[in-house]
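Here is what each chain is made of, one letter per residue.
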Amino acid sequence: MNRAALKALTAHWWRHPLQLVTLVVGLALATGLWTGVQAINAQARLSYDRAAATLGQSDLPRLEGALTLADFATARRAGWRVTPVLEGRLPDSTLRILGIDPFTAPPSGGTPDLSQGDDLTGFLAGNVIFAAPDARLPDGLPPARVSEALAPGIVLADIAAAQGILGTDTVTRLLVLPDQRTGLPPLTELLPGTRLVEPQMGANIARLTDSFHLNLTAFGLLAFVVGLFIVHAAIGLAFEQRRPLFRTLRALGLPASRLTLLLAVELLGFTLVSGALGILLGYVVAALLLPGVAATLAGLYGAGVAGSLSLSPVWWLSGFAMAGAGLALAGGQSLWQLAHLPVLAPAMPRAWARARAATLRRQAVGGGVLLLLAGAIAVLGDGLVAGFACLGALLLGAALLLPPLLSIVLDLGTGRAKGAVAQWLWADARQQVPGLSLALMALLLALAANIGVGTMVGSFRATFTGFLDQRLAAELYVYAADPGEAQAIRAFVAPRVDAVLPVVSVDSTLEGAPGQIYGQADHATFRDNWPLLDAAPGVWDRLAAGEGALINEQLARRTDLWSGERVDLGSGGMRDILGVYSDYGNPLGQAILTDALFREVFPGIPTLRFGLRLDPADVPALSRDLTERFDLPSDRVVDQARIKAFSLGVFEQTFAVTAALNVLTLGVAAFALWASLTTLGTMRVPQVAPVWALGLTRARLAVADLVRALLLAAFTAALAVPTGIALAWVLLAVVNVQAFGWRLPLLPDPAGWAGLVLWSLMAAGLAAAFPAWRLWRMAPADLVKVFVNER
Amino acid sequence: MNVRALLILLWLAFPAQGQGFAGLGQGGEGFALPRPDPTFAFPADHGPHPDYRIEWWYLTATLTGDDGRPYGIQWTLFRSALTPAGPQVWMGHFGLTTPDAHFSGERLARGGVGQAGVTPDPFAAWIDDWSLAGPDIDTLTLQARTGEAGYDLTLRAEGPLVLHGDGGFSRKSAAGQASYYYSQPFYRVSGTLHLPDGPVEVTGSGWLDREWSSQPLQDDQDGWDWFSLHLDDGSRVMAFSLRGGSPFHYASWIEPDGTLRPYYGDALTVAPLAVTEVAGREVPVRWRVALPAEGLDVTVAAMNPHSWQPTLFPYWEGPVTASGSHAGAGYLEMTGYE
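Those sequence lines, one after another, are chains A and B.
In case it helps, UniProt numbering puts the first sequence at residues 1 to 791.
In case it helps, UniProt numbering puts the second sequence at residues 1 to 338.
Careful: at least some of the hints might be erroneous.
[Claimed, not checked] Residues from chain B that face chain A, not an exhaustive set, calculated with beta carbons under 10 Å: (1) 38; (2) 89; (3) 107; (4) 114; (5) 115; (6) 120; (7) 122; (8) 127; (9) 129.
Quick caveat, the hints were computed from the structure, so don't treat them as lab data.
In this text, all values refer to a predicted model and were calculated from it rather than measured experimentally.
Beta carbons: idealized from backbone N, C-alpha and C, even for Gly.
Take these sequences, add in the hints, and give me the full structure.
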């Protein structure tokens with residue numbers, strides 16, 4: 001009996017192949033988008049980690065000073081997980097050599113492959129070295145192997161070999177690896193004369209991009225929800241249409257539980273097929289978008305990263321899980337109803353009954369409650385989960401409100417319409433709302449998600465570039481190894497620059513949590529450029545007079561202390577807060593004192609860092625001279641323009657990625673609309689035929705259909721724009737604050753929104769074109785057939 | 001593949017065509033080779049022998065906690081010379097086994113900078129902050145910890161060193177592959193285990209193996225099963241079985257006073273009784289070990305079948321109990337189960 005019943009059930013799909021395609025493709029698209037975004041995210045994250053580890057330096061604290069490999073061994077024997085790095089300029093060359101210890105270096109994609117033959121032996125012996133393509137090595141070195149992972153101008157060798165080449169027995173620094181044991185003696189005590197330098201820009205950029213990845217994940221989830229609406233529509237329709245079949249099967253003696261089980265099996269089959277298709281699709285999406293992601297990383301770190309993509313088992317699992325969860329969500333309701341209905345009841349189709357006012361009222365109430373809930377969570381909620389809950393409630397609420405609002409508008413239109421044809425058009429549109437509402441909801445969600453994420457990315461980019469302009473105002477940053485070198489560098493650059501701005505900092509406990517206090521010179525650079533979120537009157541003069549401190553946004557938000565209040569800076573004392581500045585990307589609290597006050601409070605801290613103001617045209621020459629004159633490693637002379645160019649490159653790439661995802665989500669929504677309209681087109685023939693018989697031509701009817709679809713899409717878009725802006729606000733002001741502790745300003749982008757609305761109208765027009773064309777070309781005989789049974 | 005991952009290929013395999021333990025069969029050209037009838041000079045021979053390709057200091061101990069539960073620990077320092085007179089590479093392994101958990105750790109170090117090494121007098125063997133050291137080989141302290149677990153133990157030898165095979169020349173195949181091999185199987189051990197749930201005071205018996213060679217396995221031998229047992233009557237047994245195309249069996253019967261009687265070939269029976277899936281491989285965790293000449297016929301069972309060391313070249317190493325003709329406890333090492 002099982003087989004016969006299953007055959008009867010599946011026969012439906014052969015008779016309605018379009019529904020089958022809608023269901024499978026819809027779910028596959030949803031899963032594919034989810035998987036694709038996840039894949040891009042995971043791969044990019046991995047690449048970031050690798051890129052960071054390649055240079056190893058950018059996000060790890062390092063110990064600097066007069067160090068040897070014996071000091072490295074001392075630190076290791078004391079229990080510190082450190083790895084040595086030697087960096088220096090190759091004699092008679094512009095290349096820099098980087099010596100590493102392959103046994104303790106962090107696992108990284110940038111470390112070259114030494115797995116062939118005697119490579120490791122050769123590497124340790126100095127016979128195997130690596131360089132970026134096109135590097136011209138000076139005489140006396142073994143031929144270098146090409147490594148795409150190396151930045152241009154860098155030669156990589158074993159540290160002992162590098163010492164031999166450079167004729168030194170020192171190492172430049174010890175990198176302090178993550179996950180250290182607790183209770184170890186401080187490294188600076190263990191190795192006197194050294195100092196610990198915390199990571200700088202690199203780590204901050206990595207944290208900033210973390211925030212971006214989180215938002216991309218949210219986007220993936222939204223894309224999946226859009227897909228779910230399609231699946232829900234397709235399954236709902238399939239269940240409705242098979243009600244007579246269910247009744248027949250039940251009347252023939254098939255128990256309700258067995259029928260439910262068979263339908264569940266059917267859903268499982270769909271999960272497997274669509275899930276597999278979706279995962280492959282996601283892979284294609286990721287593979288197409290990934291070159292952009294890899295290029296982004298190359299720009300950020302100056303080190304190329306393999307743009308390879310691996311289809312890991314986790315993807316398969318998560319893809320199937322999402323597909324299964326989606327189908328369960330979409331089909332569960334129908335299954336539950338079926339299992340609880342009396343034997344003969346299922347014969348009554350409910351499709352049109354959904355139009356009943358009660359349903360609309362329920363949707364209106366549900367949507368309103370969800371929107372209120374979203375508002376309440378935004379105000380009262382705490383934590384990342386609350387942020388995502390707020391996001392979900394907002395979107396679902398807006399989607400649920402769409403059909404009731406649409407009905408109200410169409411009712412109003414019907415009431416005001418003049419003439420029979422106009423009235424019929426309005427009423428007919430009203431009649432179609434139940435059949436189209438799910439597809440329109442999907443369109444609303446897709447458009448809102450695109451507007452929200454587009455706004456988020458735009459705000460992100462503008463804020464970030466502004467932040468770079470402001471905070472990295474000096475043209476060149478120099479880090480000296482010790483006070484003597486600092487003095488020499490100051491003297492060297494003094495005649496060639498407009499200003500030398502010392503930067504000095506000390507670790508301290510700020511309001512009970514670890515943080516840093518900076519000393520800063522009073523200079524127009526800061527007065528003109530620093531973005532203050534909150535400031536007391538005369539902030540810069542008072543700061544220069546040593547009357548108080550500036551604190552960063554993270555510290556202010558965490559402690560809820562703002563200008564005019566007093567803050568405990570630990571060893572820096574209690575200070576008046578003069579202002580609060582934005583400090584994107586920094587996880588720690590931070591405070592700024594004027595240089596003179598800093599020296600008074602912390603007399604023993606040497607100034608080793610400087611910002612140099614000079615004509616940008618002179619930067620390359622000075623940078624080169626500094627590097628050569630003081631033999632500074634490449635990370636000690638930082639060219640502001642280079643950092644900016646890298647960072648901007650990141651956001652250009654991410655723009656490309658989001659644009660591609662925009663097209664995909666709108667495509668999914670258009671597909672849903674097309675499927676719904678096509679289905680309706682068949683079902684509506686009995687309603688259209690009398691109007692045709694009364695004299696309206698098929699062409700006019702088709703045009704009316706097309707215009708109606710566009711109007712419905714336009715109304716949806718009108719609702720989607722505010723929803724999208726609210727979505728962006730939640731992402732920037734709720735989710736981001738919960739996840740990272742700083743808030744990004746929302747920058748409106750009306751042109752972008754208008755563009756997206758136009759795109760969605762085009763998508764709706766395309767979706768409606770085929771059903772309209774079918775109506776236009778419909779054989780009059782088919783229309784006449786409607787009247788065959790009329791008496 | 002990063003540098004660490006390839007070390008497995010180069011560690012014991014040379015050149016890198018060998019895989020894992022099968023690599024022990026690769027050639028040792030240019031390295032010193034063990035010769036029959038060795039004369040050891042102690043304490044100098046407790047130190048490293050850089051002319052030989054590989055060498056290890058291998059300590060295991062079966063312990064009982066003040067909570068009444070059995071425990072086992074392993075600490076090993078490996079030395080490998082990549083070329084004759086070339087770079088030396090060190091590798092440390094940590095193992096701590098409880099009846100329901102197994103903790104492992106691994107460290108790598110380059111030679112010549114002091115990060116890892118061995119000095120014979122006073123004896124010290126170390127890698128990073130892990131160390132086995134004392135005034136001499138009879139009185140040692142052992143310290144090591146990973147992120148999860150660790151131990152602080154003292155060891156006192158209550159018997160002499162014993163030389164395996166023919167006076168410390170330990171043959172590994174009929175074709176003549178061999179190593180130098182001696183042990184200190186009479187340590188009394190006490191100290192503290194640091195477990196995630198808190199410290200546990202322990203006492204028990206320890207066993208230190210010293211072995212060095214340049215080509216200890218024949219090409220077609222692809223792994224071994226190695227047993228060390230402390231029996232209740234005070235005697236000790238060390239037995240190994242080399243598997244593959246040229247199987248080779250050997251056992252040392254050690255009297256409580258340190259007298260050692262070697263047995264080769266069919267004198268020893270070693271047969272697996274039950275396998276368990278560990279880390280995706282079928283690994284025998286119950287064995288029959290019989291040495292009829294000494295009246296030994298015992299079943300050896302793993303205390304915790306999941307004593308898997310997921311190191312660069314992974315293997316099974318954990319405490320075992322013996323029952324049958326004798327009762328006892330000891331350690332089992334199984335390599336080459338792919």
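- Task: Would you settle whether the hint for residue 122(B) is holds or violated, based on the nearest Cβ-Cβ distance to chain A being less than 10 Å?
- Result: violated (16 Å)
- Report holds or violated for the interface hint on residue 120(B), using the least CB-CB distance to chain A and a cut-off of 10 Å. Status violated, d = 19 Å.
- Do the numbers back the hint for residue 129(B), that is, is its least Cβ distance to chain A under 10 Å? holds (4 Å)
- Tell me if residue 115(B) is really an interface residue toward chain A, meaning its C-beta lies closer than 10 Å to one of theirs. holds (4 Å)
- Interface restraint verdict for residue 89(B) against chain A (beta-carbon cut-off 10 Å): holds (7 Å)
- Message: Given a cut of 10 Å on the nearest C-beta pair, is the interface hint for residue 127(B) held or broken against chain A?
- Response: Because about 8 Å separates residue 127(B) from the closest Cβ in chain A, which is inside the 10 Å limit, the hint holds.
- Message: Would the hint on residue 38(B) be counted as holding, given a Cβ-Cβ threshold of 10 Å to chain A?
- Response: violated (29 Å)
- Message: residue 114(B) was flagged as interface toward chain A. Is the shortest Cβ-Cβ separation under 10 Å?
- Response: holds (4 Å)
- Let me know if the C-beta of residue 107(B) comes in closer than 10 Å to any C-beta of chain A, holds or violated. At 9 Å from the nearest chain A Cβ, residue 107(B) passes the 10 Å test, so the hint holds.
Checked against the numbered hints given earlier, this structure breaks hints 1, 6, 7; the rest are met.
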